[in-house]
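With the hints as your guide, set chains H and V onto chain S.
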Amino acid sequence: MPGPGVAAYLILSVILFATGAFGVLIRRSPLIVLLALEIMLNAGNLALIAFARQTGTGSGQIFALTVMVVAAAEAVVGLGLIVAISRRQVDLDVDKLTTLRG
Amino acid sequence: MIAAAWIALFAPAAAVVLIALAGTGISRSVAGFVAAGSALVSFVCSVIVFAAMLGESPEERTHSSTLWTWLSAGNLKIGAEIQVDPLSVFMMLIVSGVGFLILAYAVGYMAGDAEERRYHAYKAFFVFSMLLLVEAGNLVLLLAGWGMVGLSSYLLINFWHHRASAVAAGKKAFIMNAFGDATFVLAIFLLIQRTGSVEFDAVFRTGVVEKGSAAAVLVALGLLGGAVAKSAQVPLHTWLPDAMEGPTPVSALIHAATMVTAGVYLIARTNVLFELAPDIQDLAGILGGVTILLAGLIALVQTDIKRVIAYSTMSQIGYMFVAVGLGAYGSGMFHLMTHAFFKALLFMAAGIVIHALSDEQDIRRMGGLGRALPLTYRVFIIGALALAAIPPFAGFFSKDSILGAAANGGTLGWWLWTAGAIGAFLTALYTFRLLFIVFWGEMTPFAREHLHTKRFEGGLAMAWPVAILAVLSVVGGWLQVPWGWDLVNQWLEPVAESAEEATGLTFTFSVVASLALAVAGIWLAWRWYGRASDVPERARTRWPWAARTLEHKFYFDEAYDLAFSEPASRTAVFVTRYVEQPFFLSSLGELGSGARAASRRLSSLQSGYVREYALALAAGLAVLAIVFILVT
Amino acid sequence: MLTSLLIFLPMAGALFVWIVPWPTARAAGGTALLVALAELVIWVNRALNFDYGNAGLQDSASHSWFSDLGVSYTVGLYDFSLWLVGLTIVVSTAAIAYGFWSGRERMGVYLGLLLFLEGATVGVFTAQDLLLFYVFWEAMMIPLYIAIGVWGGAGRVGATIKFVVYTLAGSLLMLVSVIALGLSAGTFDMRAIGENGSAWIFLGFAAAFAVKAPLWPFHGWLPDAYRESPPEVAAILSGVISKAATYGFLRIGLVFFPAVVDDWRTPVLVLATIGLVYGSLLAFRAPDIRGVVAYSSLAQMNLIVIGLFAVNDSGISGALLQMVTHGLISAALFLLAGAVERRAATGNLALLGGMARGRPILATVLITTGVIALAVPGSSAFAGEFLILNGIFTRGWGWALAGAVAIVLAAMYMLRLISAILHRNPGPTITEAALDLRPAEISIIVPLVAVLLALSFWPAAITDHSFGGRPAGTVGSQFEAAP
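Chains as they are written, first to last, in my numbering: chain S, 627 to 728; chain H, 102 to 733; chain V, 795 to 1277.
Since the hints were made in silico from the structure, they are not lab data. Please note: incorrect hints may appear among the correct ones.
Restraint-style ranges between C-beta atoms, simulated for each label pair [said to hold, decoys possible]:
no. : chain 1 : residue 1 : chain 2 : residue 2 : range
1   : V       : W1191     : H       : F675      : 24 to 32 angstroms
2   : V       : H857      : S       : A699      : 31 to 39 angstroms
3   : V       : L863      : H       : G721      : 24 to 32 angstroms
4   : H       : S705      : V       : W1191     : 54 to 62 angstroms
Here are some of the chain H residues that sit facing chain V, going by a computed Cβ distance under 10 angstroms [claimed, not checked]:
no. : residue
5   : T170
6   : A174
7   : I179
8   : L244
9   : H263
10  : K272
11  : T284
12  : L291
13  : V613
14  : L616
15  : S670
16  : V680
17  : A696
We put the CB at the ideal spot given by N, CA and C, even for glycine.
Excised from the complex, chain S in its bound form (with noise of 0.2 angstroms):
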């Protein structure tokens, strides 16, 4: 099959998954940290129909699905308590959210 091998196609997720695992660590804006996290998701669908293609079976991609899912509900969820949030608090700074801290 022509076209680029899976190794250029993991080599792309693993920069997409860093990009996306560096911005949840340095950004402070709840926003950005979720739209980093969907990056990090990306990363690892890519991998997974780079290997469903590979293969030629159809496992990686039903995995992808349901990580699309998995990845809007939790978009749903995240987009909802960050609204919630700012009602209560005019910052949105993840830093700020410490009511957890032991």
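Same frame as chain S, but now just chains H and V:
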């Protein structure tokens, strides 16, 4: 006939249930009548059984009946089983007969007590337990009755439970008896191991336990431990005098007439097992002999009217132990019967005296009561003469039957005979000391102030049972007359064959010598206490150590405190303080607070910054990845 | 089917009581009590119709749970577990009634917890699948943690943490053993698991049982837990929950590991004998009512373990009888302790006394329970101890001798307890206002004592109707073939 035996057993139990459930629904005296009535039913049933048995040939007089399986485990089946044979019917008659009289007396004696119903219920429970003991058809049921008489004894000793001394006495009695129960139960375990059964027939079958073997010795020793504790023989005797804290009818029934003689019954019942271990049987006799002397000596200096009689009870049971220890079961049981009559009589007469003096028991505050209480005085004399074994009163025949058997018992027999003869002297001395101090002489100011009497001195309710017992204390001994007949021995022969008594000259000597000693005792009592005399005082100042030893009852209580109570208590305190506290409560108790402190420290890791958590996750993942790469 | 009903009726009742918004606390509590009574009626009806000649499993139900591991939901009643289920139900009903009567806070939640506990405990006694057994075992612990931690006395938090740490440590070891035994046997069906020779697996189970019983020296949680719980929880804890442990020794230890039990008999007996004497000694010096009952319970549980490890007819039958008897005794004693503490506001024996005067019912009930507890010959506790000691006598007379010493000690501490509460002059905390037992208390405690008296009259009701009438010493054989 066997149905009558069951009814005899359960009638008092029914009375207990009735009194307990009726509560305040019935009056106090009705509760008493219910209890006494149930004992009367038992007595009538016992007579029916006895009469039926008379019509049978001696070999066929053993009957048993099982109503249900009481307890089982694998092949071991223990039935709710009674066995009536000459021995048990003999005991049934005494227990229910004397029991009935004392329960009837108690209706008058306890009248007006705040918790009279409870008293009558306990008393009926005792009669039930005692009948269970004597009717039981196997060893475990016998032990059940054995334990339950101990329980009712405990309940009745501390009947007046606001008195600290009564509570302590009750506990002491129960715990010493629990010790006896424990040795008894160990003996049963050994028998089960050897014979696989607890049935009398199976256990007594010859050849199952070898004569003189270790098993035979241990079984007999265990049974003897139980008997000694229950019958207050040396060295497990110290609870009986304290048990006098209970109401007087209790002392009469439980601590004189019936329960304390259960040890004698047990040895007679299991005589087959004792014959297999002659050394232990001798030991029973020796303990009896020692008790005769010890108790007789202590009784000489006691100042509490009931305690004097209590020591005399111990000493008389000593005679019974001597008898069964020598294999003279008939004589032992005979003395058990006559003793039940005259000792119950003495206690009940003492009870009338105590009542008349507003519950005073100290004989130093009595005196001259013979004129104030002439009827009581007369029955007390009958009881005292029977106790001192003066013919033709009951005690003479039974005691001389025992001494006659001792005279025929070889070297050990002669030693025991000597103890018994000295005991006869002591018995007469302390009995008549009591009689003279209480009834003769001048009335003390205390007595004059507190004396109050009713018609017949204790009231009719208390008088007639005393009168019947007085008659029995005279004629009761005529069942077995030297050179005449021996009905008791013959009756018991199918169950326990008695050893031969001495005959001819030896026997004559035995009778004459013991009688002479008894008369000497009475004479001495008269010299010292019947008229003004300073001999006892002089003796006391001359040999203060002797007086002290007697007043401290040979220091048994002190020794037991030192040897058992104190160490047990100290061990418990030690274990609590130095094992439980530091190892289980504190150091392991730190587990809780330690866990909390650790979690407090750990919880500082929980900073609340989401990004730190994410970083930790990422770092962890990275470490795992590196490890994974390095390993593969 | 009926077994499942016995398990899930109280659990469903608990959910119902929790979820429905009751108008008053008493309505919630009353509902819980009704559920408990219904459960009792079902059990009595079943016990009357049970086929005691049949040693096999009755009323069984089985559904596959995760089939690839051979785990299933399998429950059923053996005749001997029927008695333990009955004990659970009787004691739980009494406890729920007592909690209802004494008006605890947040009654619906509280009594719901007790109902849930009842169902889970019945589950432990009837589960025939190892994993299910473990699930019920843990389900049984959770309501206890909450009930002690929330409704307990002043030191409840410390007591609960200790209890949790101890029991969890034991339970986790048991979980490892459950998995190991199930995997090595290829099934978790307790009827199909044959004998196993692994000492390690046995010890894992033994750890959980030894903590729960408790076997000496794993009893560190016991004094605090028994002192700080509400009386009715203490009644369940010492009356029923501890029996789950001895049941475990019987159903799992003796059946699956006969050879290991044989090897480990002496160490276990040594510990149990120490525990028996140790508990009795501490009970003799304990300063308060609960302390006496708690340590006497420790002694009794060790005695039951002694009976089980005799592994013969007499020992096992006696242990079973003693489990039921002691369960009833300690439940009655803890409820009585609660009654006394309610009146005197203390359980300190030095401050009590003289309660017999003018309080005949309290005195009668307490004395009756006390003398049965000290195993006066003729009582059901005596019957149990007799069989246990007779069983162990054949293994060595020394064990029985130690047991006999403990009998004397039992008399000492029980009489001390009775006298300290009832006798002598009234203590400083006993006023005229301290009433005799109220009708409600009578109707809760007296039935327990009545059952004890009935068992004293006929202890063979249990010993003759367990193990299918077969010798208990061969207890293992009857489980092997699945019906």
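Provide an ascending list of the numbers of those earlier hints which the structure does not satisfy.
-> 13 and 14
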